[in-house]
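Trainee: Line by line, the protein sequences give chains A and B. With our numbering as the guide, the letters of the first sequence map in order to residues 1 to 133. With our numbering as the guide, the letters of the second sequence map in order to residues 1 to 155.
Please note: incorrect hints may appear among the correct ones.
What the hints assert, rightly or not - Chain B residues, not near chain A, derived (Cβ > 10 Å throughout):
hint : residue
1    : Ala111
2    : Ser129
3    : Asp137
Said to hold, decoys possible - Among chain B residues calculated to face chain A with C-beta under 7 Å, some are:
hint : residue
4    : Pro17
5    : Gly19
6    : Val24
7    : Gly26
8    : Ala35
9    : Arg48
10   : Leu94
11   : Phe96
12   : Thr103
The set of hints was computed from the structure by calculation and includes no laboratory data. All of these numbers come straight from a predicted model, not from anything done at the bench. For each residue, glycine too, the CB sits at the ideal point set by N, CA and C.
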Amino acid sequence: MLMPAAVLVFIVLGAIAVDFAVAFLGEREVSNAAAAAANDAAGAALDQTRFYADGALRLDPVRAASVGRSSVRAAGLDHLGDVDVRVAVDRDAPVVTVTVSARVGYVFAKALPGGPDGVTVEASATATAEEQD
Amino acid sequence: MRLSEERGAVGGFEVLPFGFLVFVAGTLLLTNAWAVVDGKVAVTAAAREAARAYVESPGPAGTALEQATVAARGAIQGHGRDPARMRLAPVGPLAFRRCARVTFEVTYEVATINVPWLGSLGGGVVGTSARHSEVVDPYRSDVPLGWDGGVRCDA
């Protein structure tokens, strides 16, 4: 009985390793999407009215949210579930933080009795708009 | 000690080859799954590098696309994969102007091993793909404006 049990344990451990790698990959994907969205929002959501009025670099929260969501939508995260995007703009500085969360489905764990079918991953990225001479 | 008591000493031996086969099949299945995951990691990095290279390129459009291709191939190669099996394609319009949204999709075909009882996954080749999208900086110097002469982001 030891041999089949050992084989089963080995395969289950391997399956866990693959599932964790899939979860880590999903986290990397949402992290990339968050970084790109923050970068896009910091550049494209500059409040031009405020800039031309008093020269201050500030971001338009509505515009930042629109650009951020658009960027994540274009990132091709369709294979992940429950993709959620949160965009927060600093009122006193041209800083935007984009947080993306999503549900990553496991490959092997759901085949095990009582095993989880996936995990929720989340990543945040912050970008600052800066003026260069 | 009687000989008859030792009969059970080799009982269950016949299951060992079966266990070994399950072990081999399970290992190959995991190897295939890992290869696909590893391929996905590579294409994710390649798509990101391609989009970054394009939006950061000094231009013009042809050079930007060339730099995106070089960056994607470099990322694939850096992950120990064959760049010849990679396909890089823009998703949607590809415009090199300020505020244009640029999306690249990288596809890579991962070869899989034939698994006993299960056969080969995806007919021996599993395609993995990833996308990355970025906006060309709206306030960059030396990058053309939009068709109407203004800066309008493709949100």
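Trainee: Next step is simple, just say for each hint if it's right about the structure.
Mentor: For each hint, the structure was consulted:
A cut-off of 10 Å between C-beta atoms confirms that Ala111(B) is not in contact with chain A; the least separation is 18 Å. Separation of Ser129(B) from chain A is inadequate, the least Cβ-Cβ distance of about 8 Å not exceeding the 10 Å criterion. With a least beta-carbon separation of about 5 Å from chain A, Asp137(B) fails to lie farther than 10 Å from that chain, contradicting its non-interface assignment. The closest approach between the C-beta of Pro17(B) and any C-beta of chain A is roughly 10 Å, which is over the 7 Å cut-off, so the hint fails.
Interface hint at Gly19(B): satisfied, since its Cβ lies 5 Å from the closest Cβ of chain A, which is below the 7 Å cut-off. Annotation: interface hint on Val24(B) violated; nearest CB of chain A at approximately 10 Å, more than 7 Å. Using the Cβ-Cβ criterion of 7 Å, the hint placing Gly26(B) at the interface with chain A is satisfied: the shortest such distance is roughly 4 Å. Because the beta carbon of Ala35(B) sits about 10 Å from the nearest beta carbon in chain A, more than 7 Å, this interface hint is broken.
Among the interface hints, the one on Arg48(B) holds; its C-beta lies about 5 Å from the nearest C-beta in chain A, closer than the 7 Å criterion. Nearest Cβ of chain A to the Cβ of Leu94(B): about 13 Å, over the 7 Å cut. The hint is violated. The beta carbon of Phe96(B) comes no nearer than 16 Å to any beta carbon in chain A, farther than 7 Å, and the hint placing it at the interface is violated. Hint status for Thr103(B) relative to chain A: holds, with the closest Cβ pair at about 5 Å, below 7 Å.
Hint compliance for this structure: hints 2, 3, 4, 6, 8, 10, 11 are not met, and every other hint is.
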